[in-house]
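**Q** As given, the protein sequences belong to chains B and Y, one line each in that order. Count the first sequence with my numbering and you get residues 795 to 1174, in order. Count the second sequence with my numbering and you get residues 795 to 1174, in order.
Hints are computed from structural coordinates only; laboratory data are not their basis. These figures come from a predicted structure and were not determined experimentally. Take these hints with a grain of salt, some might be off.
Given that identical chains are not distinguished, each listed pair holds provided it fits within a single copy or across any two copies.
[Said to hold, decoys possible] Subject to a maximum C-alpha distance of 25 Å in a straight line, what follows is the list of computed SDA-like cross-link-like pairs (lysine to any residue): (1) Lys880 to Glu1110; (2) Lys1007 to Ala950; (3) Lys880 to Arg840; (4) Lys1007 to Asp1147; (5) Lys880 to Tyr1112.
Number of protein chains: 2
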Amino acid sequence: MSFGFRVTHTEGRARAGVLSTAHGDVETPAFMPVGTQGAVKGVTHRDLDSVGAQILLSNTYHLYLRPGDDLIARRGGLHRFIGWNKPILTDSGGYQVFSLAERRTITEDGARFRSHLDGTEHMLTPEKATDIQSQLGSDIAMVLDECLALPADEPAVRASMERTLRWACRARDRFLALRDGLVPGVVSTNPGQAQFGIVQGGVHPDLREESAKQTVDVGFEAYAIGGLSVGEPPEVMYDVVSHTTPFLPGDRPRYLMGVGTPEDLVEAVARGVDMFDCVLPTRNGRNGQLFTRRGRINIKNTQFAEDEGPVDPDCECYTCRTFSRAYLRHLYAVNEINASTLNTLHNLHFYLDTLRRIRESLRFGRFETFKVAFREQLGH
Amino acid sequence: MSFGFRVTHTEGRARAGVLSTAHGDVETPAFMPVGTQGAVKGVTHRDLDSVGAQILLSNTYHLYLRPGDDLIARRGGLHRFIGWNKPILTDSGGYQVFSLAERRTITEDGARFRSHLDGTEHMLTPEKATDIQSQLGSDIAMVLDECLALPADEPAVRASMERTLRWACRARDRFLALRDGLVPGVVSTNPGQAQFGIVQGGVHPDLREESAKQTVDVGFEAYAIGGLSVGEPPEVMYDVVSHTTPFLPGDRPRYLMGVGTPEDLVEAVARGVDMFDCVLPTRNGRNGQLFTRRGRINIKNTQFAEDEGPVDPDCECYTCRTFSRAYLRHLYAVNEINASTLNTLHNLHFYLDTLRRIRESLRFGRFETFKVAFREQLGH
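Use the sequences and the hints to build the structure in full.
**A** Below you can see the structure in the form of structure tokens.
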């Protein structure tokens, strides 16, 4: 089985569809829980199954450092190594190099950096990022893009966008060479791997348009919108998405990277986006912040100490079916591991259920109605 | 429903039976996972269901301090508060006061101590320990016993054993007064609660005999053997158990507190013990030590870095059915929460499955055969 995408329903610019990968299908719009080091923090794979996760995101930077892509390749690839047989998308490692690694130097060749773990020196190039992901054998690999330090003026954004384009060409060449078995020493553990290009260009419509058109010209299986949700107001992000999606092919999925709040997801779907990933449900869950249809609550708050109700009365997740806010507050207050597990489980269920409701509304031509009701319930 | 016990099969001094409580039945011999603060660290209640846990132990000291037995009583008792509808046993709080609390002073009245959390002063008496457990509403409450500082000479052990007996009388009086509704201000959230006495006496056969006989004279629903697994060699512990169980009524379950290794459990069953609790499977799981039929392994060891096999090829738990030693080692090495969850799940399954196999062997009159094979497989 190889990569494919089929739009089944549309309403305005919003679409429902099915993404096919070497490890099975994913209904879109889709949300990908983040399993940084080959595991989603606090929840097991069967917990993920129970909340309806259809695809995982995993981080190339972390897996490259530990346990290493060579080891994972020897063990047959990431799916087999982590015991997850559904689709996996890996990022390029670039974002972590730019945000986490130490003493990084960016040149046209790539990014030289020191590991945040042990200080060892490494070099991440477009080719290397492609090689690592080939060894990991994810179903969807991402090209290495430059993550610009903000704030940046338009010339700097343009220069970075153009470098990202040159890197995209190199990454694609490498991807095709790997597919043809022309790179000795690098194992392709997933012959059905697809590669996505990434549109950059900051908040500048002309740069986004240029980046989109030229990235499409390079020719990838599909395309992502990067460099958003980095501090700009939501409306600015929505405008950039609105402006960018028309330049991306309608018969390919569109992936908005690192976004966002539940509201962001609904707004982006309305603007033609099909795929999302974000650490909000997992990271906030571990910090005691829970998403509900009526907004977020902080479970550590004293007001919940004797609250017998579930986190969200409309939620059917294991946490809400079984436990009270009072118990969840206790678990958080006494620092039990179960606090992370149960909170993360609820938040992921909330995100995945929101996407499920979006897909269902699209199937019945009622996405706009859903969107209005969703915002009203949140008090917007 | 109220407390009861029925022996269904015997072989030598070993017995299989059924313990009945206000929250359902427990097959014996039984192992109780430790849910210190109303949760077993690293695993959810449904994980516990999946490994066959039939009864939980929870710690009175911790729950008394946070969130407090008053709050739990207002929420309808511990079962309801933590969302666990099967049997629960609570300890008296004494062990933690003696091992964890600060600046403790023991008098005939009880134990004065400061909380290890915030230094607040508290007093735990036989009556108070009974009151707290009444408010928690566990199915089985334990009397407050004195935990002797070791090493101690025989006169000190005798004095402590005799104090424990006097405390047992006071605890029983209080328990009966609570049952009759004669203690204003204390809520009994579980009318079917049973109370167990505790036999002390160190490693001295005559003291153990005296303690057993006199504790039985006080008259409890059943009896525990305390003060073991505190550093003495296994053979000494086995001898004390051998010597003590004949003085405990055959129609009541016998609970060996805080014991022990899988081998200890098998040996104690052979000597007439029916119930166990121990932190070994959970604590060691979090530290990367895994129990298998062929002995323990430390999953952090480099030798497992590329080991594709399961932790224990004979094990049918979720961890062993799904994940390799290589992945579990990776999770441990990168400090993922899932390491605690998957390791704990396996260890609890191992313990509960060992008890299941013991019960099955007793039903078929093959416990002695099981015991020999179990020890041989462990290399003894």
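**Q** So, for every hint listed, does it hold in this structure?
**A** Structure-based check of each hint:
no.: 1; hint: Lys880 to Glu1110; result: both (23 Å within a copy, 22 Å between copies)
no.: 2; hint: Lys1007 to Ala950; result: within (19 Å within a copy, 87 Å between copies)
no.: 3; hint: Lys880 to Arg840; result: both (12 Å within a copy, 23 Å between copies)
no.: 4; hint: Lys1007 to Asp1147; result: neither (34 Å within a copy, 61 Å between copies)
no.: 5; hint: Lys880 to Tyr1112; result: both (22 Å within a copy, 17 Å between copies)
The structure is inconsistent with hint 4 alone, although it conforms to all the rest.
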